[in-house]
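A.B. asks: Heads up: the sequence lines are chains A and B, in that order. Heads up: the first sequence runs through residues 17 to 336, numbered per the numbering used here. Heads up: the second sequence runs through residues 17 to 336, numbered per the numbering used here.
A pair counts as met if it fits within one copy or between any two copies, since identical chains are not told apart.
Straight-line distance between alpha carbons at most 30 Å, and here's what the computed DSS-like set of lysine-lysine pairs gives: (1) LYS236 to LYS299; (2) LYS299 to LYS68; (3) LYS236 to LYS185; (4) LYS236 to LYS180.
By construction, these hints were calculated from the structure, which means they are not laboratory data.
Protein chains: 2
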Amino acid sequence: MENAVGRAGEPIFKRLALIGVGLIGSSISHAARRAGLVGDIVGASPTPGTRKRAEELGLVAKMYAEPADAVRGADLVILCSPVGTYADIAKTIGPHLEKGAIVSDVGSVKSAAVRDIAPHMPQGVHFIAGHPVAGTEQSGPDAGFAELFDGRWCILTPGEDVDKSALAKLQEFWQRLGSEVEIMSPEHHDMVLAITSHVPHLIAYNIVNTAAHLERVTDKEVIKFSAGGFRDFTRIAASDPVMWRDVFLNNKEAVLEMLGRFSEDLTALQRAIRFGDGATLEKLFSEARAIRRGVIHANQDTPQPDFGRRATSDAKAPQR
Amino acid sequence: MENAVGRAGEPIFKRLALIGVGLIGSSISHAARRAGLVGDIVGASPTPGTRKRAEELGLVAKMYAEPADAVRGADLVILCSPVGTYADIAKTIGPHLEKGAIVSDVGSVKSAAVRDIAPHMPQGVHFIAGHPVAGTEQSGPDAGFAELFDGRWCILTPGEDVDKSALAKLQEFWQRLGSEVEIMSPEHHDMVLAITSHVPHLIAYNIVNTAAHLERVTDKEVIKFSAGGFRDFTRIAASDPVMWRDVFLNNKEAVLEMLGRFSEDLTALQRAIRFGDGATLEKLFSEARAIRRGVIHANQDTPQPDFGRRATSDAKAPQR
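Go ahead and model the full structure; you've got the sequences and the hints to work with.
C.D. replies: Okay, here's the thing in structure tokens:
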């Protein structure tokens, strides 16, 4: 890691307001405090239990029920709630935002984020949508940790009329949280993430549900023999259902386009199996390995054979 | 682990012959030596480099080019090569097997294993097909480790006329390698594994290839932003292409049946996305979580948020 990971420095915002303190919100809190990036942090959640827990964990100085109360005096506001909540939140916080404040988000879809938030931003407030491409299958304020963004990419999708110094400041914020930053259009973001994240999650959810509704194989058998590959899909399919519902409702076109390609390719593979075309199968399977090498080379996954992880909770890497 | 894991005991076979020393063959060697299960181990591989490496690693006392040479004097022979090689190997070793020897295999399909091996087994030799449901995405003699089978299931699919004491001996062998043992018919095995292993691998290979051939998203982008879910599919799709080709060629009917169900369910999800049916999406996504809890409860995966694993090679579990 050649960037600012782990290096505490001068705060660049006096107050950060996190609207939502689930996996991503709580991880931002941990990483921002690790880097000494902000004066203080407040948060908002509609759920009493979440407010209590976020304060207990010290993620924030104070939690509010109303986003409008949390944003007062904040010079950085980040929406960390499901994408389906954005329009209402943007509308309610708009009149209470500080002049000069930066408003951003962490949602997995960006065109819809711009559509739902931008119209409610008052003059003098800088709205720049963002998406840290990082996560785990866990949810809630307890799920966060400071290292989540280390070495991962955060995509920012500013409008053409963006204030350059606000953009630079948000970019520095993410770099000091541990991320590398990439700038692209909301539309391109949604296309890239449809294939690298949204469709993979959809097919993981799908196969888990297919397996659960078979007549000839019981759920118990599916679970018992899941180490043959299935368990990795159950892991992905354990992600937050409401967050993912909103992703699919708000990135419909790109997801349907990529899903069309996926199904077309799967039909070709199915045909190769039906007609015993081993050469086609071997060729396709071999090509997939090259992409895997790329992912490891780009440091976006470890080369360890994690797929063979141990069942015990004090799991260690296998001794070789 | 309440079984015999890690406890060295009396050898129950005087000589084990491993026909193939890839991930599974080399892991059997490690685990059998850990448990003191066998007098000595020999192996066979058609590849000079593999023979050299297996001897260097001490996996076997001696490697042979010809399976027929390896099985002489062995009272346990395990085929650990791709399923497509079984018929030829069975034919060539048949006349050289010791009377009373047990012959087994580790292939991911069992009806085809019985079809290809059983006819070549001489009178007085006990053939019992098997499948340890464990693995990693890595291949070759360097990939094995002693803990691979710990707490995993090994499925045995004996014929109805099986010799009970031979079955009990093979069962003890697998238990002392660390596994739990389940007995079922070859046909049922192939149906269970089609959904828990074969179709998951097929769709992982498929989405990696779909992603590699898009016009609007570059390979570089796919790799860079793979932490959103895609990287887990590349991990599964890094498994051995020849082994998997043979699995699909030899479990055609069950795979096509399960693939049909998968596609039907995916079409329903696609339709829910197209028509903005959030309730259906959320319901399906929520149901998938229950299966995940079952997998963890059955000790077939760890509850740690591995999905958020760190990029560095000295990866640790996230600090919480």
